[in-house]
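Protein chains in written order, with my numbering: chain A, 1 to 364; chain B, 1 to 297.
Errors might be hidden in some of the hints.
[Said to hold, decoys possible] Some, not all, of what chain A presents toward chain B, calculated at C-beta under 7 Å:
(1) Ala73
(2) His89
(3) Arg103
[Claimed, not checked] So the derived label-pair ranges between C-beta atoms look like this:
(4) Ala133(A) <-> Pro86(B): 28 to 36 Å
(5) Asp119(A) <-> Thr115(B): 32 to 40 Å
(6) Arg104(A) <-> Ile136(B): 40 to 48 Å
(7) Gly199(B) <-> Asp66(A): 56 to 64 Å
(8) Leu98(B) <-> Gly74(A): 25 to 33 Å
(9) Asp119(A) <-> Tyr296(B): 27 to 35 Å
(10) Thr115(B) <-> Ile105(A): 26 to 34 Å
(11) Thr145(B) <-> Ala107(A): 54 to 62 Å
(12) Glu277(A) <-> Leu98(B): 53 to 61 Å
(13) Pro86(B) <-> Ala107(A): 29 to 37 Å
(14) Pro54(A) <-> Pro86(B): 31 to 39 Å
(15) Gly136(A) <-> Leu129(B): 16 to 24 Å
[What the hints assert, rightly or not] Over the 12 Å line for every Cβ pair with chain A, so calculated as not near, a few chain B residues:
(16) Ala8
(17) Ile28
(18) Leu191
Derived from the structure by calculation, the hints contain no laboratory data.
Keep in mind it's a predicted model, so treat the numbers as computed, not measured.
All residues carry an ideal CB built from backbone N, CA and C; glycine is no exception.
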Amino acid sequence: MSTVEITGLVKQWGDTRAVDGVSFVAAAGSLTALLGPSGCGKSTILRMVSGLEPPTEGHVRIGGRDVTRTEPAGRGVSMVFQSYALFPHLSVEENIVFGLKVRRISATDRARRLAKVADMVGLSDLLDRKPSALSGGQRQRVALARAVIAENDVCLMDEPLSNLDAKLRTEMRTSIRDLQRRLDMTMIYVTHDQTEAMTMADQIVLLNDGKVEQAGTPEQLYDAPSSVFTAAFIGMPPMNLLTLERFSDGVRVRGDREGPALAFSADSGWRLGVRPEHVALAPGSPVIGTVAAKDYLGADTLVTLEVGQERLTARIAGRPAAAIGERVGVQWPEDAEYLFDAHGRAVSRGSRTDGQTPVRTASA
Amino acid sequence: MRPDSVRANTLHHVYGWLLLMPAAILLIAFTHYPTVATLINSLFSKGNIVRPSRFIGLGNYEAMLDDPIFWKAFGNNIWFAAGTIPTSMILAIAMALLVNRALPGRGFLRMAYFTPTILPMIAVANIWLFFYTPEIGLIDQILETVGLQGKNWLGDPDTVLGALIVMTIWKEAGFFMIFYLAALQNISPELNDAARLEGASRWTYFRRVLFPLLMPTTLFVAINALLNSFKLVDHLFILTKGGPDNASNLLLYYIFESAFSFLDATYAATLTMVLLALLAILAIGQFVILDKRIHYR
């Protein structure tokens, strides 16, 4: 059981800092997702943890041991690559035991471990196939088996599911999580898909532009986003962020002259956040929105509404009657409101403030 | 079938043949016909005004087997092939691996390695003639400064073939490097990452992963190198004319000599057929032996 500890990690190429002082701890036996848009440095962090890329600054500790300058093979980590990195000329079996052979593990030991791992990932019948004769999901399993057979405590995954179709992805999500729990591995999992991070991770490290934007459990990131970036990244669909405008008699959603003033004080340019599932269509509500679009998803419908100059999405159960172009009353509970200042930092959340003493919840 | 579908079918055939025709004409006129004509030629005696050429069956082939110069040239060619092919291929892989990495001046290095290839063989031969010239040549001058005795590299039967082999390697290795470089660029660097994580040394990675993946290229290069070693002739005109005492005579140059110096076209045709058969056997052999061990993507 190994904790992975990363402190002040920096990677600089020329003038660009791809990774800019990232620190986090991946607890032993937990799954940490490195989440962020493409180009945020998450894969580079993973490569620095694996040792494939030397960091410009900072330290990597695995199981308490500083491995910042240790060769990849000496760190006790396995890795699954986005392209799977299977050796195309070797059979499934040879691919899986490649590392064991390199480390001169005896043939009987190899056979025993291979049988166990192949059974675990469901590849027992495909061992003599070449990777080119496998489907995407099967190749993924081979890569997984190769990572698992090394019996390392730490497993790194670089967008392992991004080449699979949606159905397979859901399946593999479950089986990877299962495997990680069963083998008690410390897993660091890079993804740009917030659904993957939310469903699988014990801890999410959300990255933006080479820095940690926010780290915490999926629930913490969802319930208490410390910034507009987190609020907009987590959630499907993401949180509605309505730009506010200050009028002489109070604050309203930008351009919404007719509606009632909101009962908190804020400056122009601040943003109000409301999750789509908290927005309801309410005939009597003084806030009026125009239905701009309806996306029917089966169990519920996403209704896009125009309020003033802002758009917001409401997740409504079933099939709402409101037609496109219709003006409807919109409301959301006060305790579902989030307020972000002009810099995008969270100011308050949960309960509507009286305008004087905003409840600070931002951990940043 | 209905009549109009028959017509459509015929049109289809005509269309297909028309598409094939340009390539077929070129192939027949410049490859198939000359081959057959050479074969027929090789079965006739050398003619002159007094005695016209007549059919002698395998007479030319029998004469060839008794011809010491043929055996000399044949032997030379084997040594030439054995001396150039493995070395130039190993060098090519080594250079390709070197310039495939990120290193400063990589583009310049790639170009430098490739330069010998873009030079015409005649120019190359002239450069090397300057290297090999006794007394005033580059090699002898260098030897002299360190106090060693120079020698007539191209004039000595013991060194002339070696001198040609060195020059040919210099010329060919860069050419083959390009193929290896192209193949290396197609191999995902993640394979190297994966091997490094498993603790594979560079040599293990090369032996177990890179080299097997380069096998299609190796087959292609090997066949090309083999053909080249039997086809190379231009440098002999400049450097040695096959001498001294046929010590650097190669099959193709001997064919040229037979046809245009000795004006024995039918004997040249005989030698040509032998060379052709030899190359065909070698190429087929390489395919059959290597193909089974090659992984194609």
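Hint-by-hint comparison with the structure:
With 7 Å as the threshold, the beta carbon of Ala73(A) comes within range of chain B, its nearest partner Cβ sitting at about 3 Å, so the hint holds. For His89(A), the interface hint holds, since its Cβ comes within 7 Å of a Cβ in chain B; the closest pair sits about 3 Å apart. With its C-beta approaching chain B no nearer than about 6 Å, Arg103(A) sits inside the 7 Å limit, and its interface hint holds. The beta-carbon spacing between Ala133(A) and Pro86(B), approximately 34 Å, falls within the hinted interval of 28 to 36 Å.
Checked against the hint of 32 to 40 Å, the pair Asp119(A) and Thr115(B) fails, with Cβ atoms roughly 57 Å apart. Look at Arg104(A) against Ile136(B): about 58 Å separates their beta carbons, and that is not inside 40 to 48 Å. Taking the beta carbon of each, Gly199(B) and Asp66(A) are about 20 Å apart, not inside 56 to 64 Å as hinted. Leu98(B) and Gly74(A) have their C-beta atoms about 27 Å apart, which keeps the hinted 25 to 33 Å range intact.
Distance hint check for Asp119(A) and Tyr296(B): the Cβ-Cβ separation is about 31 Å, which falls inside the suggested range of 27 to 35 Å. Here the CB-CB span from Thr115(B) to Ile105(A) is close to 48 Å, at odds with the stated 26 to 34 Å. Checked against the hint of 54 to 62 Å, the pair Thr145(B) and Ala107(A) passes, with Cβ atoms roughly 59 Å apart. Taking the beta carbon of each, Glu277(A) and Leu98(B) are about 59 Å apart, inside 53 to 61 Å as hinted.
Between Pro86(B) and Ala107(A) the CB atoms are about 33 Å apart, so this pair conforms to the stated range of 29 to 37 Å. Checked against the hint of 31 to 39 Å, the C-beta distance between Pro54(A) and Pro86(B) comes to roughly 37 Å, which is consistent with it. Hint check: Gly136(A) to Leu129(B), Cβ distance near 59 Å, so the stated range 16 to 24 Å is violated. Remark: the non-interface label on Ala8(B) is consistent with the geometry, its nearest Cβ contact in chain A lying 39 Å away (cut-off 12 Å).
Every CB of chain A lies more than 12 Å from the CB of Ile28(B), the least distance being 38 Å, so the non-interface label holds. With a cut of 12 Å on Cβ distances, Leu191(B) falls inside the contact zone with chain A, its closest approach being about 5 Å.
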